[in-house]
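Chains as they are written, first to last, in the numbering used here: chain C, 752 to 803; chain L, 102 to 702.
Hints were generated in silico from the structure; no laboratory data involved.
Quantities reported herein were computed from a predicted structural model and do not represent experimental measurements.
Please note that a few of the clues may not be correct.
Stated by the list, open to error - Listed below are the simulated BS3-like cross-link pairs for lysine-lysine, each with C-alpha atoms no more than 30 Å apart in a straight line:
no.: 1; chain 1: C; residue 1: K777; chain 2: L; residue 2: K432
no.: 2; chain 1: L; residue 1: K536; chain 2: L; residue 2: K433
no.: 3; chain 1: L; residue 1: K612; chain 2: C; residue 2: K777
no.: 4; chain 1: L; residue 1: K594; chain 2: C; residue 2: K777
no.: 5; chain 1: L; residue 1: K433; chain 2: L; residue 2: K616
no.: 6; chain 1: L; residue 1: K594; chain 2: L; residue 2: K433
no.: 7; chain 1: C; residue 1: K777; chain 2: L; residue 2: K433
no.: 8; chain 1: L; residue 1: K432; chain 2: L; residue 2: K536
no.: 9; chain 1: L; residue 1: K245; chain 2: L; residue 2: K646
no.: 10; chain 1: C; residue 1: K777; chain 2: L; residue 2: K616
no.: 11; chain 1: L; residue 1: K432; chain 2: L; residue 2: K616
no.: 12; chain 1: L; residue 1: K292; chain 2: L; residue 2: K536
no.: 13; chain 1: C; residue 1: K777; chain 2: L; residue 2: K292
no.: 14; chain 1: L; residue 1: K404; chain 2: L; residue 2: K616
no.: 15; chain 1: L; residue 1: K404; chain 2: L; residue 2: K393
no.: 16; chain 1: L; residue 1: K594; chain 2: L; residue 2: K432
no.: 17; chain 1: L; residue 1: K433; chain 2: L; residue 2: K292
no.: 18; chain 1: L; residue 1: K612; chain 2: L; residue 2: K594
What the hints assert, rightly or not - Reference excerpt, derived from the structure (chain L facing chain C, CB under 8 Å, subset only):
no.: 19; residue: R116
no.: 20; residue: I117
no.: 21; residue: I120
no.: 22; residue: G146
no.: 23; residue: M149
no.: 24; residue: P334
no.: 25; residue: S446
no.: 26; residue: E449
no.: 27; residue: F450
no.: 28; residue: V453
no.: 29; residue: G457
All C-beta atoms in this analysis are idealised placements derived from N, C-alpha and C, irrespective of residue type, glycine included.
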Amino acid sequence: MTFGGWIMLITSIGSVAGLFIWCIYKVLTIPEETEHIHGFEQETPDAEHYDS
Amino acid sequence: MAQMSGSKKESWNSRIGVILAVAGSAVGLGNFLRFPGQVAEYGGGAFMIAYFISFLLIGLPICWAEWTMGRHGGQSGFNSCPGIMGRISGHPAGKWLGIIGVVVPVIIYMYYVLIEAWCLGYATNFLLGNMNFPTADESLAFLKGFTGMEAHGSGIGFAVNQVGIFLIVSFVLNFFLIYRGISRGIELFCKYAVPMLILIAVIIVIRVLTLGAPDPANPQNSIQNGLGFMWNPNKTFLVEEVVNDDGTLGSERIREFVGPRAREEAESVVAERQLALQADADSILPALRIEKVSLWQQLLSGKLWLAAAGQIFFSLSVGFGVIITYSSYLKKDDDIVLSGLAATSANEFAEVGIGGIMSIPAAYAFLGMAGLAGMTSTFALGFIALPNVFSVMPGGQIFGFLFFFLLFLAAVTSSLSMLQPGIAFIEEALNLTRKQSVALLGFITFIGTGYVSYFSTDTIALDTMDFWVGTVMIYVLATVQIIIFSWVFGVEKGFEAAHRGSAIRIPLVFKYIMKYVSPTLLLIIFSIFILQSFFGLAGGEISDKVLLLIGTEDVAPNPVAWGAIAIILAFALLCVFLVSTSQRISASTGGQKTLPNQPEN
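All chains should be modelled from the sequences, with the hints used to inform the complete structure.
Here is the structure:
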């Protein structure tokens, strides 16, 4: 691989890895983000028979 | 009619869950097979520049638009694409256009689950030690036997080297998970499958990057040169002068130099040939010269931009009708801007960060540049070249299993997302329970998958559906969605809706991108695509998928291809009928803020 190839590879992968890590960091560190919106216990309408 | 009264609204369990589900939907075979093939074919560095620009100007804007419209529609009690787009547009045309958002994922599921079964079958056969292919020819022979490419129905059998049993397992698994619902099925599965998928991918990447040059007799066939083949921004070709059939002089690229000293190596070969020609005046050896193609020259290629934009499209699952459905199960103050970006970035990491350094370099190291010639398409790379590579790689049995199991997991998380829009639509249009909707959709997709699986010769049925739905209709839906968001719903109102409860803000420049740039680019790309594929204009050739339908002077229209079109049309007409008779979806274009008996979130 040429020097230009290395630059291209590192820049491309660095960009997407940086963005991914930043997003995960934000999702995990913003307090509201980690709150559970609902519980697994909640029944969804598919589990119910409407006619019953 | 059953009533929704008293039922609780189905929804996601956690933010991480919805992010992983959307990321899982986007991460699929395209990340690990289609993307690296495209990068290699269109010149590495140049392709990446076009790819990132397309990501910012097309992919990300449509993604945010879909998240916003989905959540907004969900607040009015709509989870199906016709209902959501009817509500967003406030016009009956919206619900009719929204039908595309049901047809696309359901039809794609019909053939995607078959490819998913191929992945499971390949993984199982690697684990059982049945995959020993010293050459690509043997790998191709296995593929033909396994999938039934040689004769209709020949792959439908229950031996381990036939797809039948794996298709049943994949089909049942998908419907079992979708039956369990949004949080207990899709979300729970993706919460484990997506991290496991990334872990397996990292293990394979480490293995690939430590391969070096596996054949000491061919040191040029190394991982480093394989990476160069993919990523070098400037290309150095060795060109041979040839005499054309009409007697004129022409040239042909016979080799590409990809090593760190590409230029010097090429000059050395040319000098050797010149010396040989000078020494023997009667030599019949053709003259050689070097052709350098710079990054900027490559960027002038329209095909490269079309390929890059297309890859972004298919990779991010925009225009599939999936994101808009998934986000409709969010609550009104749930963040969508950061969640959308996080899911997108996870997909990009899997595609560029993992897919970009795994498949092609490994194939290059074992097969060399000559062995890779013509093997950069998704099918050829995934199901011919790589099985051959794993067969000859030390520890290939386990790494082959891991690789195809990785593809299988990626495919399941994607195919699951293709079913949910259909389920939501049937629930909404017919007011059915999830159990009833799953049964009905299972019956419909069973017919479609059965057709594609049985009419397996040369994968004509599969390719036809993939072209007309997996390519053409996706362009149409994405264009319709961004126009409805920016021009009908209004970009100001759209930004206001997107920022409700958002953890981060969308940069203001995206207002202009979403309103002017994205729709314009999409219309241009789609127009060029139509000119090329349908009329053979704009530097393109008429697509062989079009020729299959209209025939040529020598070949009659293909009945299998027409059968696939009939299935697409039949399902589309069914959707039209259901929309026209559904009071619930018709209410989407009415004035009331929420439907009767729908809970406010």
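Hints not upheld, ascending by number: none
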